[in-house]
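Novice: Next come the chains, spelled out residue by residue.
Number of protein chains: 2
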Amino acid sequence: MGTTKWTQLWLDYHEVYKGEGSWKTVLTGFSDESPIVSNALLEFKRGMEKLTGEQVNGSDNSENALTLEITKNDAIPAEGYHISGSDKGIVVEASDERGVLYGVFAILRQIACGKRAIEVSESASPSNPLRMMNHWDNMDGSIERGYSGQSFFFENDEIIIDDRTRDYARFMGSIGINGVVINNVNVKSAASYLITDRYFDKVAKLSEIFNEYGVKLFLSLNFASPIEIGGLDSCDPLDKKVISWWENKVKEVYDRLPLLGGFLVKADSEGRPGPFTYGRTQADGANMLGDVLKPYGGIVIWRCFVYNCTQDWRDTKTDRARAGYDYFKPQDGAYNDNVVLQIKNGPMDFQIREPVSPLLGGLQHTNQMLEVQIAQEYTGHQIDLCYLIPLFKEVLDFHTHCASEKDTVADVVSGRTMGNKLAGMAAVINTGNDFNWTGNDLAAANTYGFGRLSFDTDLSSEEIAREWIRLTFNLPKEKEDILCNMLLHSREIYEKYSSPLGIGWMVTPNDHYGPSVDGYEYSRWGTYHRADHLGIGVDRTDKGTGYAQQYYKENAEMYNDPQKCPEELLLFFHHIPYTWKLKTGKSLIQHIYDSHFEGEEQARGLASDWDKLKDNIPEEQFDRVKHRFDLQLANAREWRDQVNSYFFRKSGIADEKGRTIY
Amino acid sequence: MGTTKWTQLWLDYHEVYKGEGSWKTVLTGFSDESPIVSNALLEFKRGMEKLTGEQVNGSDNSENALTLEITKNDAIPAEGYHISGSDKGIVVEASDERGVLYGVFAILRQIACGKRAIEVSESASPSNPLRMMNHWDNMDGSIERGYSGQSFFFENDEIIIDDRTRDYARFMGSIGINGVVINNVNVKSAASYLITDRYFDKVAKLSEIFNEYGVKLFLSLNFASPIEIGGLDSCDPLDKKVISWWENKVKEVYDRLPLLGGFLVKADSEGRPGPFTYGRTQADGANMLGDVLKPYGGIVIWRCFVYNCTQDWRDTKTDRARAGYDYFKPQDGAYNDNVVLQIKNGPMDFQIREPVSPLLGGLQHTNQMLEVQIAQEYTGHQIDLCYLIPLFKEVLDFHTHCASEKDTVADVVSGRTMGNKLAGMAAVINTGNDFNWTGNDLAAANTYGFGRLSFDTDLSSEEIAREWIRLTFNLPKEKEDILCNMLLHSREIYEKYSSPLGIGWMVTPNDHYGPSVDGYEYSRWGTYHRADHLGIGVDRTDKGTGYAQQYYKENAEMYNDPQKCPEELLLFFHHIPYTWKLKTGKSLIQHIYDSHFEGEEQARGLASDWDKLKDNIPEEQFDRVKHRFDLQLANAREWRDQVNSYFFRKSGIADEKGRTIY
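Protein chains in written order, with this note's numbering: chain A, 23 to 684; chain B, 23 to 684.
Bear in mind the hints are in silico, worked out from the structure with no lab data behind them. There may be inaccurate statements among the hints.
No copy is singled out in the list; a pair is fine if it fits within one copy or between any two copies.
[Claimed, not checked] Restricting the straight-line Cα-Cα distance to at most 30 Å, the calculated cross-link-like pairs of lysine-lysine (DSS-like) are: (1) K679 x K565; (2) K679 x K339; (3) K586 x K648; (4) K428 x K224; (5) K351 x K603; (6) K137 x K603; (7) K575 x K648; (8) K137 x K586; (9) K575 x K443; (10) K575 x K339; (11) K262 x K634; (12) K608 x K262; (13) K605 x K94.
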């Protein structure tokens with residue numbers, strides 16, 4: 023592991039060229055006494071010295087020194103920046119300190135990607151007001167759905183603050199993240215006490231470190247706090263005693279944690295307490311907290327992941343996919359303006375392929391933000407390579423038809439559609455205290471990528487991938503192309519060897535790695551494929567569960583008709599015979615066989631592509647990733663053979679190409 | 023839970039009649055200074071006072087007092103007894119102290135079952151030399167496959183000795199158990215140190231308490247002890263350093279634990295260390311320990327549960343069922359005379375229906391004992407009612423054809439076939455520190471039943487059930503018939519609603535409660551049903567894995583032919599089309615549907631039969647069991663519907679009776 027205890031991820035710059043000269047810095051309208059500005063200058067110094075080998079010295083007065091000029095310009099949008107290079111140096115203009123920080127990181131990124139100082143040029147401001155990371159870290163140090171070691175925030179019910187904390191904040195600042203929820207949405211045990219004196223000092227310290235890189239700290243909240251830590255007998259959001267308890271509690275919290283952004287709440291979900299217990303709506307619960315937080319400028323982020331998780335598999339009327347819309351749509355418009363609903367990208371749960379949640383844009387008068395998961399819960403546990411930015415791009419580009427223009431998910435969650443300010447994107451993060459932060463070194467592309475994409479949803483998957491590669495590795499162009507190509511195809515490859523055409527699940531129960539075709543078929547989780555000897559898929563049309571009707575007309579009609587439904591989602595919306603002819607002319611069953619053989623073969627291609635980079639990647643890092651590919655190949659083979667065998671045994675239809683199926 | 027912390031199980035006698043008079047006791051050839059004899063007298067006093075309300079007083083000299091006369095008679099076989107009542111009292115003759123103890127318990131049993139003192143009469147001696155219980159208790163207090171609470175032997179890596187210990191020993195003595203292994207066969211962590219100074223004093227104390235009820239204490243051994251606690255770099259059984267280490271260790275052990283019976287060893291199984299690691303045979307391992315134990319009269323019980331637990335499901339040549347015979351048969355005759363092989367009843371793992379292991383009797387020159395499991399790992403977790411004595415009887419009555427006479431399993435494991443002394447039966451026990459010892463009160467019928475059956479393999483399932491009912495409850499005859507009937511049919515009912523015709527498995531992985539038809543189908547455990555759209559079952563004939571050929575000719579021919587194979591084992595030995603006609607005239611698929619509907623219906627019958635006993639069972643106890651039946655019904659329904667749906671979806675063949683299948 024060398025001498026350091028963790029890597030510097032994409033901030034471990036490599037020398038790109040010898041510099042044009044030394045640097046001095048000039049501030050106009052900003053003060054280097056501000057921690058954010060001061061950190062921006064520090065990052066510039068650290069970065070430029072590594073990138074160009076030149077000295078950066080604020081007090082350099084030599085005639086030849088280039089100037090980094092940081093200037094206040096109130097015409098620049100909040101958190102935005104304008105950077106421009108010339109033969110005298112580089113000017114950063116911004117209207118606020120975050121803009122300065124982001125502008126400096128943008129300079130470093132451009133230079134790392136090969137630009138000379140004189141060529142630096144960009145005007146940018148964030149697509150989304152909120153750009154957040156959600157940690158599912160528990161205070162015992164474990165991480166729910168974590169595949170990168172233990173928490174670096176918590177251990178044995180204590181908060182950890184060390185050099186790693188600051189590095190983490192730097193990483194977040196460098197990719198434009200402005201909010202972080204440090205604790206798991208499932209708030210239990212010690213985590214319920216994060217809003218008590220037991221932890222205030224350390225949480226405050228964390229919030230200060232974050233703040234110095236432009237990041238607001240948020241806490242996940244236990245909705246049952248009035249009972250669990252307050253000693254009340256209720257947490258009914260309309261109960262005056264409960265409201266009064268929250269008023270006192272939040273006053274105390276903001277006295278001690280003035281930098282707190284607000285609360286994230288998972289209520290009435292998978293066994294968590296919530297307003298439904300008291301016959302109240304989700305809006306009653308969220309608004310009560312919103313009212314209480316209002317005086318302090320705090321916000322409530324309320325998750326929409328509410329469904330019946332004790333379904334009877336025999337029940338084909340109930341449809342988990344419907345639940346979010348059914349529960350939240352009726353109160354559209356009733357939510358406080360400091361409440362924002364956080365909606366998962368799909369109606370199920372972060373499968374490799376799902377339709378976009380009909381709540382996104384379906385809510386027309388409610389603040390909303392998009393939740394995605396870069397922790398690879400269902401997408402390979404950071405063992406299998408799965409660059410998720412293409413998936414997120416598809417979601418963002420989806421036309422909801424909620425308006426005649428500005429109707430994409432990107433429009434909706436940025437606030438462009440409704441003109442609202444409380445909007446954005448959040449990711450369940452994939453980090454832990456592993457040496458490389460993300461288990462698989464290549465999984466950091468998702469960490470980096472989510473930050474960059476949430477800052478600028480117009481960036482392409484490839485642009486983001488190339489930025490990350492250039493910042494992280496030191497590869498000649500042809501090797502960069504190989505790695506970029508690996509990333510860009512990895513999601514499609516994972517999809518090919520796992521569950522077919524949008525049906526999802528088929529994973530090992532609980533663990534969610536590796537195949538178990540019937541693993542969730544006879545369960546209480548609402549997760550069924552309904553395969554029999556003739557066909558497979560869930561009828562969610564107007565003749566089935568009616569889920570397709572939750573979309574606006576254009577989409578509803580598209581999804582309702584198996585001929586118009588995008589084939590990659592065919593089994594999500596329709597029960598289809600194995601003999602059904604796809605647009606390729608292949609039968610459904612042959613498609614299942616072919617895609618699984620292809621996916622496994624292409625996974626082997628990924629592994630052999632990685633081998634081509636051996637000479638250009640530090641040995642330890644190369645070997646770490648290579649070991650992951652070995653595991654991925656075993657996984658891909660298991661998926662291929664179990665899925666193919668399952669459907670061959672069930673349908674009795676042979677593979678046209680006569681390949682081995684068991 | 024009342025005022026006591028645990029029940030007295032079948033020793034909580036009820037008054038059967040007012041006695042004929044008070045009792046005095048006379049010893050001839052035995053001394054009441056012997057703890058066993060003294061306990062026998064104590065049990066007689068305690069029992070008779072509760073059963074008849076009469077005083078039992080050793081020094082009673084009144085003319086009318088009846089006499090319990092205990093007399094040494096060397097003509098009685100070891101551990102046997104002769105009891106006979108007259109108008110003067112009852113005489114117990116025995117050649118040893120265990121015989122006295124067992125004779126006294128036999129008197130109490132007969133009186134509890136309604137006999138007058140004058141009617142008491144029995145000559146008995148144990149069918150099996152070894153009659154053992156195996157605890158799978160871990161030293162952290164957990165019990166592997168335990169469904170009755172935590173261990174009452176261990177907690178937090180310490181040994182518990184309290185009143186419960188003595189009661190446990192009494193229960194064991196009362197049913198003729200003469201050996202108990204207190205710790206799990208998977209010996210890890212602190213349990214490896216049971217043979218060190220850290221625990222000697224308490225183990226010695228336990229062994230004394232056991233001994234006072236005729237029970238020898240045994241320990242499960244970690245075969246890797248020379249490495250784990252000895253600091254050697256090997257546990258190769260042929261390595262002189264290793265042998266020397268064991269010699270010293272065993273000397274130390276017997277210095278400190280003179281009452282120790284010996285060791286139980288699970289080697290080379292499911293990740294446990296063993297001789298295979300060093301290229302040695304199982305015999306090499308067992309004999310090394312046998313040699314070392316010989317000077318102390320200790321024995322080695324060596325488990326035969328050795329198989330490849332990392333099988334590839336695609337591999338249809340390897341057959342877990344073959345493994346025991348393949349591994350152990352070649353060394354038949356090579357085992358020391360103080361080594362006994364402990365063989366599970368079936369070749370797989372305690373399924374609700376398996377053929378008898380071909381090792382039983384297949385070994386012709388090796389000490390062997392039968393292992394069964396009364397912990398209901400695969401048979402309902404002591405939630406579902408499953409009286410297992412009928413299953414054990416089938417195993418004992420099975421003709422192995424290893425000899426022209428005395429060829430049943432009962433003959434083989436009793437030593438009758440080969441004339442050997444080291445032989446017998448062992449059960450993985452179903453107890454824990456629950457108030458009622460066995461989770462489900464009715465599961466104690468298996469605890470009691472195993473003891474009685476291992477003492478006298480000629481007892482019928484019904485005789486044992488009635489004894490247990492009369493000792494445990496206080497029911498009028500018609501209610502006793504109901505309960506007896508429930509017990510006697512419960513295994514058949516469980517079999518009907520779970521996996522069909524001997525195929526086994528189909529349980530939730532790891533947990534082993536409830537259905538998951540494909541749960542073990544694509545796994546590494548060698549546990550497959552190979553169902554496709556046309557049929558189901560594993561071909562273990564001479565054209566398949568050849569497992570059937572491990573039996574003697576008569577059985578091999580029977581199992582090899584689907585027409586001759588007992589239908590309850592059809593799918594264990596053959597891959598059979600769903601359309602195959604069974605002897606009932608039903609197709610295989612219709613049998614699957616019918617038996618599952620029937621099984622669920624009959625489970626409801628069990629629950630409603632229990633309700634009929636409401637007025638005759640103490641309320642707390644009645645409710646405890648009733649709650650279990652509620653859970654059993656949910657389980658039976660889940661089994662019924664998942665199995666039927668699975669096969670309907672796979673075969674496409676409808677139920678002839680048009681019942682609901684999902």
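Novice: What hint numbers does the structure not satisfy?
Specialist: 3, 4, 5, 6, 7, 8, 11, 12, 13
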